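**Student:** If you want the building blocks of each chain, they are given just below.
2 protein chains.
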Amino acid sequence: MALIVQKYGGTSVGTLERIRNVAQKALSRQRQGDQVVVVVSAMAGETNRLIKLALDLTELPDLREYDALISTGENVSVALLAIAIQSIGGKARSLVANQIPIFSEGVYKDGRIKKIGTQKIRKLLNHGSIVVAAGFQAVDQEGNIHTLGRGGSDTTAVALAAALNADLCEIYTDVDGVYTADPNICPDARKLDKISYDEVMEMASAGAKVLMIRSVELAKNYNVKLAVLSSLMDLPGTLVVKGDKEMEKTVVSGVAYDKNECKITVSRVPDQPGVAATVFKSLGDAHIIVDMIVQNVSEKGYTDLTFTVRKEDMARAKKLADVASRKLAAGEIKIDPNVAKVSIVGVGMRSAAGVAGRMFETLGQAGINIQAISTSEIKVSCLIDAKYTELAVRELHSAFNLAKAPAGSKPKKRAKN
Amino acid sequence: MALIVQKYGGTSVGTLERIRNVAQKALSRQRQGDQVVVVVSAMAGETNRLIKLALDLTELPDLREYDALISTGENVSVALLAIAIQSIGGKARSLVANQIPIFSEGVYKDGRIKKIGTQKIRKLLNHGSIVVAAGFQAVDQEGNIHTLGRGGSDTTAVALAAALNADLCEIYTDVDGVYTADPNICPDARKLDKISYDEVMEMASAGAKVLMIRSVELAKNYNVKLAVLSSLMDLPGTLVVKGDKEMEKTVVSGVAYDKNECKITVSRVPDQPGVAATVFKSLGDAHIIVDMIVQNVSEKGYTDLTFTVRKEDMARAKKLADVASRKLAAGEIKIDPNVAKVSIVGVGMRSAAGVAGRMFETLGQAGINIQAISTSEIKVSCLIDAKYTELAVRELHSAFNLAKAPAGSKPKKRAKN
Numbered sequence: 002m003a004l005i006v007q008k009y010g011g012t013s014v015g016t017l018e019r020i021r022n023v024a025q026k027a028l029s030r031q032r033q034g035d036q037v038v039v040v041v042s043a044m045a046g047e048t049n050r051l052i053k054l055a056l057d058l059t060e061l062p063d064l065r066e067y068d069a070l071i072s073t074g075e076n077v078s079v080a081l082l083a084i085a086i087q088s089i090g091g092k093a094r095s096l097v098a099n100q101i102p103i104f105s106e107g108v109y110k111d112g113r114i115k116k117i118g119t120q121k122i123r124k125l126l127n128h129g130s131i132v133v134a135a136g137f138q139a140v141d142q143e144g145n146i147h148t149l150g151r152g153g154s155d156t157t158a159v160a161l162a163a164a165l166n167a168d169l170c171e172i173y174t175d176v177d178g179v180y181t182a183d184p185n186i187c188p189d190a191r192k193l194d195k196i197s198y199d200e201v202m203e204m205a206s207a208g209a210k211v212l213m214i215r216s217v218e219l220a221k222n223y224n225v226k227l228a229v230l231s232s233l234m235d236l237p238g239t240l241v242v243k244g245d246k247e248m249e250k251t252v253v254s255g256v257a258y259d260k261n262e263c264k265i266t267v268s269r270v271p272d273q274p275g276v277a278a279t280v281f282k283s284l285g286d287a288h289i290i291v292d293m294i295v296q297n298v299s300e301k302g303y304t305d306l307t308f309t310v311r312k313e314d315m316a317r318a319k320k321l322a323d324v325a326s327r328k329l330a331a332g333e334i335k336i337d338p339n340v341a342k343v344s345i346v347g348v349g350m351r352s353a354a355g356v357a358g359r360m361f362e363t364l365g366q367a368g369i370n371i372q373a374i375s376t377s378e379i380k381v382s383c384l385i386d387a388k389y390t391e392l393a394v395r396e397l398h399s400a401f402n403l404a405k406a407p408a409g410s411k412p413k414k415r416a417k418n
Numbered sequence: 002m003a004l005i006v007q008k009y010g011g012t013s014v015g016t017l018e019r020i021r022n023v024a025q026k027a028l029s030r031q032r033q034g035d036q037v038v039v040v041v042s043a044m045a046g047e048t049n050r051l052i053k054l055a056l057d058l059t060e061l062p063d064l065r066e067y068d069a070l071i072s073t074g075e076n077v078s079v080a081l082l083a084i085a086i087q088s089i090g091g092k093a094r095s096l097v098a099n100q101i102p103i104f105s106e107g108v109y110k111d112g113r114i115k116k117i118g119t120q121k122i123r124k125l126l127n128h129g130s131i132v133v134a135a136g137f138q139a140v141d142q143e144g145n146i147h148t149l150g151r152g153g154s155d156t157t158a159v160a161l162a163a164a165l166n167a168d169l170c171e172i173y174t175d176v177d178g179v180y181t182a183d184p185n186i187c188p189d190a191r192k193l194d195k196i197s198y199d200e201v202m203e204m205a206s207a208g209a210k211v212l213m214i215r216s217v218e219l220a221k222n223y224n225v226k227l228a229v230l231s232s233l234m235d236l237p238g239t240l241v242v243k244g245d246k247e248m249e250k251t252v253v254s255g256v257a258y259d260k261n262e263c264k265i266t267v268s269r270v271p272d273q274p275g276v277a278a279t280v281f282k283s284l285g286d287a288h289i290i291v292d293m294i295v296q297n298v299s300e301k302g303y304t305d306l307t308f309t310v311r312k313e314d315m316a317r318a319k320k321l322a323d324v325a326s327r328k329l330a331a332g333e334i335k336i337d338p339n340v341a342k343v344s345i346v347g348v349g350m351r352s353a354a355g356v357a358g359r360m361f362e363t364l365g366q367a368g369i370n371i372q373a374i375s376t377s378e379i380k381v382s383c384l385i386d387a388k389y390t391e392l393a394v395r396e397l398h399s400a401f402n403l404a405k406a407p408a409g410s411k412p413k414k415r416a417k418n
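Chains L and S are the protein sequences, given in the same order. Be aware that the first sequence starts at 2, since it is given in our numbering, and climbs by one per residue. Be aware that the second sequence starts at 2, since it is given in our numbering, and climbs by one per residue.
Chain L extracted, bound-state conformation (with noise of 0.2 Å):
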């Protein structure tokens, strides 16, 4: 008897009918004979519509009661989900944060958790019920209730499946596993079997949209073994967990993009000590986060800093380096929205040489022009022109074979949707 965490995210449960399709995946595991811990969302569109009557309210609401507010979505989620069970004849609990509990300490709107209580949970299982537990939601002390977060269910399912020493964290979503590449721009795209916890956040990191970092942060603090699977069709997934030998047989294990990104460019810097300081500590003090920079190569003591944000971040981002380049005597700021990171990740990479040049080589053929590189340990990243995204992807999944399974593995097809 294995104890599972299943997690289902606010499309798997948008309608009754999905959420009667959840009570049916959740009985048949249990019938199966393991125990079960359902974490679920709110229903697609109530968490917006939450939100969107506390700010035709005021612009600036109370974080505490926003909070209060917006994890309403959840408490109305597991209870109908603990009656889709019950109709269709299993035993079935729904518990919310302050029942289970789930403690959490720091801010409101993005709570960390800190403690969960088991003994409830595991009195339930033991009695033989499902339980329904609230994703997104949290408690502090004094009993005020906390949001996790983006992603804040995912995260709730590892913490819970860490705190019950799960056998499995089973997060189902509106894909079937993690991809070599987007199936949907790659044809020949390839379900991995496997996947590290690393290369997982790389590429959650390089823009795809499977599984929120932090919550693989968490699993691979604890070592849960991560499932990501289709809520939709009975397919095998992907596991996620730590990398192991065979995996590094293989030396790339993905290609992401990110379209998400825009590129500013300041122009007529003094290159001088604690200039890139100037720029980069006003944003940072503004919570916009950097992900690339690059300096270009000083001429008469004047160079061009360059560096990316999100594109939400651009107007305020504007602003602030048109503040620091006043400030320093600079040139002027030039945005650039059409800009693509397109990366490749790979655990393998750490024992390899020359993948990124092949990498600049591949993209070069293709007539790429590459405006920005960053790497890290198991990724390499280039900042190009957005129209070549889907381009760049495929030459990349092609020139690196992603789509021929490595030796020992069986290769799978992308099912049919």
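Derived by calculation from the structure, the hints in this document are not laboratory data. Some clues are possibly wrong.
Identical copies carry no separate label here, and so any pair may be met within one copy or between two of them.
[What the hints assert, rightly or not] Here are the simulated lysine to aspartate or glutamate pairs, DMTMM-like style, with alpha carbons at most 20 Å apart: (1) Lys121 <-> Asp141; (2) Lys53 <-> Glu18; (3) Lys92 <-> Asp57; (4) Lys124 <-> Glu143; (5) Lys124 <-> Asp141.
Fair warning: this is a prediction, and the values are worked out from it, not measured in the lab.
Once you have looked at the hints, place chain S on chain L.
**Tutor:** Below, chain S alone, put in the same frame as chain L:
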């Protein structure tokens, strides 16, 4: 400085605009120097939406999950009202049942409040906050949510007022007080300045829809001063207090009616001991409330048994009466839904003679036949043909001089709205 508990129903918080209006009323009251606790229901329509979701999943949802589900409407409205108060410059904090805490005992769907913690509320009030408390919900010792049945938010408000030893509990509603009769059918109905707990309870059981009996009972037991007020207009309402000498000068305080009963007659019942028990025990076991009961004079060892039940219980009651009739070898069952109960209510009846007689006479002079009669210490009810309801109310209102304020009190005209 007084401590005031205000309660606003679903209609009063049915839109963001109305929530803003409630925020304004609560804040003005606080700025007059009082401490204010506001109890709110779910936004109008929300509880019904949630009930429909549950019933669309299954006809008989588990009551623990049903309560968890339908109580979420209040979680939304308290947070929104707190945000609305803050947006106009006030301090506010929303609290749901487990945060206050309000503990319940008894069954789901019809929980009874057992204990209320007042420490957190007092602390917030002393810090200058308006406390916005969720109506209709309580938690048991295990933290399961119980709803409080029909009119549950009124019960919450009165219970909070009792626990906090509040100076006044204001019930805001879509009428602006308690009238001597329904102003929609009796144009010269007069708003009462004061009414006793007992009278308002009898008025409620006689069909007047101003307050739920349970909350008035609670107010009476804990001597909580109640005021019934309009949430939309700024008018003096009706105060509900202990009966006093002055009130008893008036024999009849009001006329009420109820069209939601139906008459069932079991004919040719053997006139023997235990016969009535056979019929009414089965109805009681099915939780069907029988209101009026009449047993005709026996004729040759047989009698007709007539009683009334709520219209929603009609079909079930008929089925049970059929079974009982077969068992007793009685005659056919006659159902008449076209009946109405008209009642006169007043604490002064206790010491006045001839009140019932005057009522029967008044109805008789208007050509209205009385089908059944029931009385209490401060009420007389007559069952009549439903088509005479409005006529009967107007005739009784006039026969007992209710349009005229009793000596010593100022007469009030109904506000135009």
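**Student:** Next step is simple, just say for each hint if it's right about the structure.
**Tutor:** Status of each hint after checking the structure:
1. Lys121 <-> Asp141: Both: 18 Å inside a copy, 15 Å across copies.
2. Lys53 <-> Glu18: between (26 Å within a copy, 14 Å between copies)
3. Lys92 <-> Asp57: between (40 Å within a copy, 19 Å between copies)
4. Lys124 <-> Glu143: Cα proximity of Lys124 and Glu143: across copies only (13 Å, versus 25 Å in one copy).
5. Lys124 <-> Asp141: between (23 Å within a copy, 18 Å between copies)
Violated hints: none; the structure is consistent with every hint.
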